[in-house]
Each structure stands twice: as structure tokens, then as C-alpha cells.
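*Asks:* All chains, full assembly: derive it from the sequences and hints.
Order-wise, the sequence lines are chains A and B.
Residues in the first sequence are numbered from 1 upward in steps of one, following the numbering used here.
Residues in the second sequence are numbered from 1 upward in steps of one, following the numbering used here.
Calculated directly from the structure, the hints in this document are not laboratory data.
Hints are all accurate, no fakes.
Each computed PhoX-like pair below joins lysine-lysine, with the alpha-carbon atoms no more than 20 Å apart:
no. : chain 1 : residue 1 : chain 2 : residue 2
1   : A       : Lys65     : B       : Lys229
2   : A       : Lys65     : B       : Lys226
3   : B       : Lys501    : B       : Lys32
4   : A       : Lys65     : B       : Lys248
5   : B       : Lys248    : A       : Lys69
6   : A       : Lys105    : B       : Lys27
7   : B       : Lys27     : B       : Lys501
8   : A       : Lys69     : A       : Lys79
9   : B       : Lys229    : A       : Lys69
10  : B       : Lys148    : B       : Lys137
11  : B       : Lys89     : B       : Lys137
12  : B       : Lys226    : A       : Lys69
13  : B       : Lys25     : A       : Lys105
Label pairs and their computed distance ranges (CB to CB):
no. : chain 1 : residue 1 : chain 2 : residue 2 : range
14  : A       : Ala91     : B       : Ile149    : 48 to 54 Å
15  : B       : Asp243    : A       : Lys105    : 31 to 37 Å
16  : A       : Asp87     : B       : Gly52     : 31 to 37 Å
17  : A       : Lys105    : B       : Gly105    : 40 to 46 Å
18  : B       : Pro225    : A       : Lys8      : 32 to 38 Å
19  : A       : Glu34     : B       : Asp355    : 56 to 62 Å
20  : A       : Asp4      : B       : Thr13     : 20 to 26 Å
21  : A       : Glu23     : B       : Glu437    : 51 to 57 Å
22  : A       : Lys72     : B       : Val245    : 20 to 26 Å
23  : A       : Met1      : B       : Pro47     : 27 to 33 Å
24  : A       : Gly7      : B       : Glu233    : 41 to 47 Å
25  : B       : Ser317    : A       : Lys73     : 39 to 45 Å
26  : A       : Met74     : B       : Pro225    : 23 to 29 Å
In this text, a Cβ means the ideal position worked out from N, Cα and C, and glycines have one as well.
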Amino acid sequence: MSFDFEGKTYETDDDGYLINLDEWNEGVAGYIAEQEGVEMTEAHWEVVNFLRNYYQEYNIAPAIKILIKEMKKMFGPEKGNSAYLYDLYPAGPALQACKIAGLPKPTGCV
Amino acid sequence: MAETAAEQEEVLTDLEIVTGAKEPKPKIGDVKAPELTGSIKVPKIQPGAAAGYKPYPAAPEYMEGMDFPTTLVDNWEKEAVNKLGELLKKYKSLQDYMDICVRCGSCTDKCQFFLGSKDPKNMPVARADLLRKVYKKYFTTEGKLLGKIAGAERFDLELLGEWFSYFHQCSQCRRCSVFCPYGIDTAEISMAAREIMDHIGVGQKYVNSIIIKLHEIGNNLGMNPKALKATLESTEEDIEEEDGVPVKLPVDQVGADILMVTPSADFFASPHVESLIGYAKVFHQAGISWTFSSTASEAGNFGMFIGNYSHMQRAASRIRKAIEEIRPKRLIVGECGHAWRIAYSFWNTLIGPLDQSLGLDPKYPRPQHICEFTLDLVKRGAIKLDKSANDEFVPTFHDSCNVARGSRMGDSPGGQFDIPRELIKASCNRYVDMEQETIMEKTFCCGGGGGLLTDEILDVRLQGAMPRMQAYQNIKDSHGANFFALICAICKAQFTKVFPKYGMPMIEVGGVHQLVGRAIELGAKE
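*Replies:* Here it is in C-alpha cells:
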């Protein structure tokens, strides 16, 4: 699968997750978010940026508990909880935020 | 214009036709659960209702990485028949299952995927017949001579397409075989069918891509040792912050008494990680040295789901390697259904013998289930549980199919049913079972086992979960049940996904060791 955005073709997996992490930029993230029905605000970018940084270090998305904890450390308790993340990303922070961040879809028994 | 239209019309390959690769998949948000009607009823049949549900086929890279052909091979009919012949010789059981069905009908209303989808091809006998008619056509005299009259059918593209649909609507849970007077094991038939499909170049993406990750990185998640260590350290911080006790989650500790092998989802996902915390607290409080291994950071082994012995063995060989590296005395397995079946029933032949030659202590079961280990500590008074910590819960236990029907636990028959229940009761003041016809050896599958835990077939998963959700709803109504206790990573992931679709709170899904972890009294022993 693939999609076109601003004259460039982006390869994706069957569920629309970018194949090539390096092709990601804020513009294409915004486009994926739009397809997901998510309007990106500063709060959304905080999550996406954290996910990308974590992925660059560990080559895998963080466990949901780590995401929550790190959000809490960086932005305070009102942003470090599951309900807040689900408000931002209704289809689930792991699935939806990873997709917008250009990370692969988490699979396994999860 | 006509030419342009013809140009635009895409010509589908045989593989795309068989796997429905170009058919649009439903959006997860739009997929609806069947309605709960108050009881589990045998539905009026709807032929073809589930024919369109197909998982994503494995892309060429996910076939090549498994040493399977990257696309449907040209002479696939002949290759498939040859492979079936090979399997019939290798597995006497498969030959029997092909021959001995007497069409008694006992199995017809026993499969959760039939009850949920109403499609008669999801009746176990009909599912088995998809393979049986090929067997009859090519391997029996009456089938060769009489064809369809004898129930024989040529293996053509249409039938292969049905295989791809309906052998991926079987979770290999073996509920039907409990009711079959001959004990025909549909799981084994579905494994054989998937093995044949892979052999001719028709694979399933979810399972194959995960097996490749397991081989290459060491677990189903693709979590490398660095990420594993960081995640475990973070979990240690969480426990200390919550309980004020420095409970450790050691990894790669050579010489530890216990090697703990658990599904990688326990490190990563919720609610799985709550059970991981429970295991760690049990080891901590019992004062026993233990460790995970980054070599064996996965108990799961999807090789079984595709009936592929060599991939199953290759995946299991990581466990043996870890035993050789760590040299533990004991081997314990965490909350994972199919992993426990493989560990309990197959490890000794796949990677064994698991005995003194590897330094394992013959005094203990090898392997041992974490529930048996913990319950034994409770009974001996080596750890104390404060039931009142779980007073907000009215738990029930869902027997995972592979534990209930594919293995045992402890040293007495039915231990796999009694031990987890006893452990929950030791952790909680209240407990309620679901209807007898839906538990223990008759348990319904979660609907996501056997390689079905993938979102493009969420319809199948929701339909398969229906009987279980009905049984749970009934004890919610009658007894106020509000905690759905599990010992399987697939069950946990599946129910977390389907609960909201059935209007139930996701938070009610949890692990048995989650309850243990909340109740355990940490600190100095009297």
C-alpha cells in the first residue's frame, strides 16, 4: 500500500503505517492524523515527539506505562495518565499515536 | 475510452483472489459485536456469512524469511497434495481424523466461531471437510472413482480460497474435540491445512511476521535486549514508587535458581504488565533468586499455529540456549496459554530432555507453571496474601483453551482448572464461576487464539468472543462479577479489545498474578 502527499509517494504496510521511518516529517504526520480524524495540537505533538525519540534510542515503541510515566515527568500529572492519552488519541495511544509518529504498528500478543 | 477502462481494470493474481488481498478491510471503529441475547443459543444458519473474512496474506518478505515460497507456486495443486501425503504419513492422528468421522453432528454447535458467525462452514465438521474432501479425492479409492458422491473434491482455487477464510476462523482451541465421540482434533486439522498453505506460498502475515521477529530479535514484540532492560528497570521504579519496596526484575543473572520464561507482552502491554509485577513480588517475598533471560524473552511460540515443527523447534531452542547460559535449577513459565501447552507438552521432545544433564533439579516439575509455584508458596505459608486488598473485586476465571485442553498443571488431574481458581480465592474474598457448560474442559475460546489476534479480522474475533461474553454478562447480572482473571497473553489482548465493543469496561480484564500482586504482603517475614 501507499499514499501520495505533496507530490511524493509514501509506502505503507497494510494498515497504513509508514514503511520507511526516515521519510517521516511533520507535514506527513499531519496528513496521517487527518486521515485518522485527529487534529494535531501541541499536546498531540508532545506525545508524537516522545514516541519518536524513544524509538530512535530503543528501536521499539515504549510500553504504555513508560509513555504515561515519562509524560508525567515532562509535563505533569494531568498529562501523565491513560485517560488523557485516550482523549488525544481515541483509537489508542499505542496504535494511533505510533501511526502518526511514523513508527511500525506494535504487534505480538498486545 | 474502452481501452483506458481495460487498462485501469486491475488483473488479480491467483494469490490475490485466494487471499482476498485487494478486498477492502473493515475500519476497526466500524466493526460491531454481535448482540448478546441473554443466553448462548444455536443460531439459524446463514451460509456464506463469514466467507469474506480473511487475514492479510504474508508479503513475500514474510514468506522468504520463513523459507516458504514467496508466492503461490505454479503447480500448487500437486505440491499441496504431496504435502498432505507427507503429513498423513508423519501424523497417524491426521490420517485417523480424515477417516473416522461418522457425521454424528455432536460438534456442529460447539464452536464459538459458528455460534458467533452463524456460518455453517464454521461448524467443526464442515471446517474439517474442507481438508477431508481433498484427502478423499487424492488418497481414497472411493473418492477417486465416485468423486463428489463420496465427498471428494478437486483442490481448485475456489476451495483454496475457502481454506484461507475458514482455517483462519479456527483458533485451534479444541473445544469441538471434547464433544466428538472419536476425539477428532480440529486444531490439528487446521494446523495441517495452514502448513500446506505455507508450503504452496499462501501464508498469513500476522503469524509469519511475528515468528520472524522471534527468530531475529528474540520475542514476538521485537523488543531488543537494551529495550527489555530499560523496560524492566522502569517497572522496578514503578513498584518501588507504589509499594516502597525495592522489588527487582533481574535479567541474564547467571546462576539464578529460577529461569522465568514469560510472554513478551508481559513486559510491554497492559494489563499484562500487572501480572509481571505480581510474579516479581512473589519471587521477592519468597526470597528465591530468579531471572529473566534476554535470549529467551518470549514464552510464546507461534510455530504451533501454522503446524510447522521446524519453526516451533527453532523458536523453542532459545529456551534451551538460555538454560545453558543461566544454568538455573528450575524453569518456570508465566501467564501464556499456548506457551504453556508447548512448554508442558512439547518442550521435552523439542529441546529436551529437561533434566539433570542441563543442571535442572529433578525435585521440581520441569517446567512449572507460575500459578502452581505461587500457590505452593501460599499453602506453605512462605508468602502471605491479604485478601482484603482485592475487596473491590468479584473475580471470575476464564480457562484459556490451551491450558484447559492442551496441558495440565500440578500433580493431580484437573490441576489446570483447580490451581488458578485456588490462587484467585487465596487472593480475594469473593469469587464466582461462569456457567458450567462454558468453563474448565468445556471453556469457550477468547476468539483471538491460534493466530487470529489481528485487527483486519476483528469481525471474526468479536464473533468468536460472543459465547464467552454472554457467559460473563450473565454473572455480571446475577453476581456483580467485575474482574475477568486470565492466564494468557493472547486472552488479555483479545478481551481488552473486545470488551469495549460489548459495552464492558476494559479495566475489568486482568491477570491472576495481578490479583496476587495486589494482595501479597511485602516486607519482613515474621
